[in-house]
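There are 2 protein chains.
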Amino acid sequence: MDLFEAIREVVGEAGLIVGDDVRARPADWQGRAQCGAMAVVRPRTTSELSAIMKLCHQARQPVVPAGGLTGLVHGVDAQENEVQISFERMRAIESIDVIGMTMVVEAGVPLQSVHEAAAKHGLAFGVDLGARGSCSIGGNISTNAGGNTVIRYGMMRENVLGLEVVLADGTIISSMNALLKNNAGYDLKHLFIGSEGTLGIVTRAVLRLRPIPASETTAILAINGFDNLADVFGLASRRLGGLLSSFEVMWREGYELVAIESGRHQAPLAGGYDFYVLLEATGTDPDHDAALVEAVLGECLEQGLAEDAVIASSKTQRNAMWEIREDSQTVRQILFPASVFDVSLPLATMNDFIEALRASLHAEWGDQVRFIVYGHIGDGNLHIIVSPRPWSPEARRRVEEIVYKPLAAINGSVSAEHGIGLEKREWLSISRTAQEIALMKQLKAALDPFGLLNPGKVLGEEAG
Amino acid sequence: MDLFEAIREVVGEAGLIVGDDVRARPADWQGRAQCGAMAVVRPRTTSELSAIMKLCHQARQPVVPAGGLTGLVHGVDAQENEVQISFERMRAIESIDVIGMTMVVEAGVPLQSVHEAAAKHGLAFGVDLGARGSCSIGGNISTNAGGNTVIRYGMMRENVLGLEVVLADGTIISSMNALLKNNAGYDLKHLFIGSEGTLGIVTRAVLRLRPIPASETTAILAINGFDNLADVFGLASRRLGGLLSSFEVMWREGYELVAIESGRHQAPLAGGYDFYVLLEATGTDPDHDAALVEAVLGECLEQGLAEDAVIASSKTQRNAMWEIREDSQTVRQILFPASVFDVSLPLATMNDFIEALRASLHAEWGDQVRFIVYGHIGDGNLHIIVSPRPWSPEARRRVEEIVYKPLAAINGSVSAEHGIGLEKREWLSISRTAQEIALMKQLKAALDPFGLLNPGKVLGEEAG
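Going down the list, the sequences are from chains A and B.
All residue numbers for the first sequence refer to UniProt numbering, where the first residue is 1 and numbers rise by one.
All residue numbers for the second sequence refer to UniProt numbering, where the first residue is 1 and numbers rise by one.
If you are wondering where the hints come from, they were derived from the structure by calculation, not from laboratory data.
What you are looking at is a predicted structure, and each value in this text was computed from that prediction instead of being measured.
From the three backbone atoms N, C-alpha and C, an ideal C-beta is built for every residue, glycine too.
A couple of the hints might just be wrong.
What the hints assert, rightly or not - The calculated lysine-lysine pairs, modelled on DSSO-like cross-linking and capped at a C-alpha distance of 30 Å, are:
#1 315/B - 120/B
#2 405/B - 441/B
#3 441/B - 441/A
#4 441/A - 54/B
#5 441/B - 54/B
#6 120/A - 441/A
#7 441/A - 405/A
#8 54/A - 441/B
What the hints assert, rightly or not - Simulated coverage check for chain A against chain B, where a stretch passes if three residues somewhere in it have a Cβ under 8 Å from a Cβ of chain B:
#9 49-59
#10 230-240
#11 339-346
Whenever a hint applies, use it, and build me the whole structure from the sequences.
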């Protein structure tokens, strides 16, 4: 019996897609490319996936596990000799423990569904990001997603208590811990969180939930000068402490592009300032929390750290502020084709890094380059989009050099939250030592000796 | 040249201890047993340890890395054929980045020194526990220590950004990341955090610091009935949110033993209630935070959830409350010899578990058994001390059966924060599946094929 007949016996007729039907499927959430795999397998359960992997292992068939296809680093690109594993038939929210504040989900559940299901019980999930409607929990786990509330709740890693994965040989590792503290042996889940499907395939997870905050106060500040920006962050951290849940910064060009130039938004603050900060505080005491944020903003203005500020006075205004931060559509329409970066670096080096970048880009392309910067300053994470004209593979390459190379000297990372995928492989050594990369390859070889899981991603073709 | 001559050339005369001088050294922080190793090696740097491990690897010489010797699971016991690695000459606090809020330390630094050094800059470290004066950061990392503020800041794992380790063959893995977000390849540090020195030896770390909270409000509540206890925790979590930093519960017997029977403390509340909760809130707004805690306590009393409560009105009163919680000396003097447990289990199963345990113990030993329970309820972690008379190895064994076996059915853990060491090895399968344990052994074999690192701990003799 050939491999696909055997797989079809496991997953049923609807579980296996081959031929032209594969090409009709997208390779990314925008549908700009078509799926390149030889087949798509859609298991309904972990047991089915285990059986599939046993067959693939026997046949040395490489597989590419894919989630909501919202990644930005070509982390789930599939070649003609590869089988894509889809989780679109594993979208169950299995249970919610309201007292223990945990939720058990299958890998295919969209992030937004987790938020909605938790909210019905007065609970919230600590990871949120712009792609919430499309991205899947399994993908969020495999890439250790970050997002807008990392300074308060941490990344995906800190919000996953237990995990179930299928290894390359089909073994099911069910590590569905629901306890906040468990030091009984090695904490295996951390091997699989953030390793982009190269060590195992995430099938189910136990998520940690939190009480929904009773208060939510959102503001935008305009700031001139990076030192003032850093001081505002320091002041907000000290005064708001555990209330501070977001501190998102837009450099002038990005704010003006989206809030003003696009014509799609009502700009809450005028253009022309160096930085725009979207600050959000969530807590348990609405009157007090709003007053505290107002007091903090007042101090920033009085001390001359901020030039202007506005607090959202309704949920509608709050959402409008976030829509400016999350309007990737405008950015794509105006700036693409472009290079998208997701770097992290120490706060103390950030301004020099960006100013040197600005100078280098203009030295290379004069006024034929646009670039915008925004990011989660609170955790040192910047997203940078660079759009040189004319666009070419060589231009892309040159932009990458200009952005990545200076990171080595300041201990920055070439990927804060997007991962490595195919796109950043050759830059991995900027952020990791040869010994670290050798150890990664040793782990890959131990867990996936035939290199069947997401081949070529993170570590390159020769790994596994 | 024999192994020890070669080691002496690396570490110098003072760096190698052999013979009777080894026996003069303690095996635990109380000095109750003497060090059983054939030699103690005291490197001054990571490079020295790397050279030592290259020699040991060549000679197939097993080693036992040891920290402050405050562990409770025989995690660093050394045999006559083993060499102990001591970090007493690696106690430097190398640097503090006040803006980035990080600290670089060597493994031998005591936890308390970290707190003190951070405090000088208005910063705090998120992990604290009773053994702070003796335990070392390297040991805290290797065991993924928890402690008193896990509900606010997480365990050691969440408070370590970067790590340097020496592998079994002497390779130095320098993964000294100082960034809050870094998804550039596998997050290797999590392999070594909590694996009790069996996969690599921690030599240096980058710790995450936080601003020192501007407010600290501490209270003790007396509560009758487990449902009320759970409701008080729920109410405090909802109302205090990110302010709630400790929620430590003492079951009646333990509170009465320490606060009243010992004669060492002034009891803040009378005996006779089912539970005593030590609640602490830390925040940024002293007046508001104290008023909020007071309001929450008021609600607990009004709603009949708590019977009595007292708020510490001074730092002295606050410390006196914590001294009751942390008085392990009294517990040892009155109850030892005894079995010490560190389990975690879902809050919803906790009362039934303890009541069944109480019944089983009295069924077995009548009134010839004392037991006390206290723990970090907020994260499902209970410490249980059982003292049956007459004491014997058989009695210890029987107590272990009575405590551990019921955990399997309720997905509890045989170790919440103490680790496995030698002591809990045979109970590991209560909390972990055969597939999980097989994967742990596979990792051990990949990283330490000759089984040279902390032999026998966690996984047993045959691993590696």
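These are the hints, each one checked on the structure:
{"no.": "1", "hint": "315/B - 120/B", "result": "19 Å, holds"}
{"no.": "2", "hint": "405/B - 441/B", "result": "23 Å, holds"}
{"no.": "3", "hint": "441/B - 441/A", "result": "18 Å, holds"}
{"no.": "4", "hint": "441/A - 54/B", "result": "21 Å, holds"}
{"no.": "5", "hint": "441/B - 54/B", "result": "23 Å, holds"}
{"no.": "6", "hint": "120/A - 441/A", "result": "43 Å, violated"}
{"no.": "7", "hint": "441/A - 405/A", "result": "23 Å, holds"}
{"no.": "8", "hint": "54/A - 441/B", "result": "21 Å, holds"}
{"no.": "9", "hint": "49-59", "result": "violated (count 0)"}
{"no.": "10", "hint": "230-240", "result": "holds (count 6)"}
{"no.": "11", "hint": "339-346", "result": "holds (count 3)"}
Hints 6 and 9, counting from the list given before, are not met by this structure.
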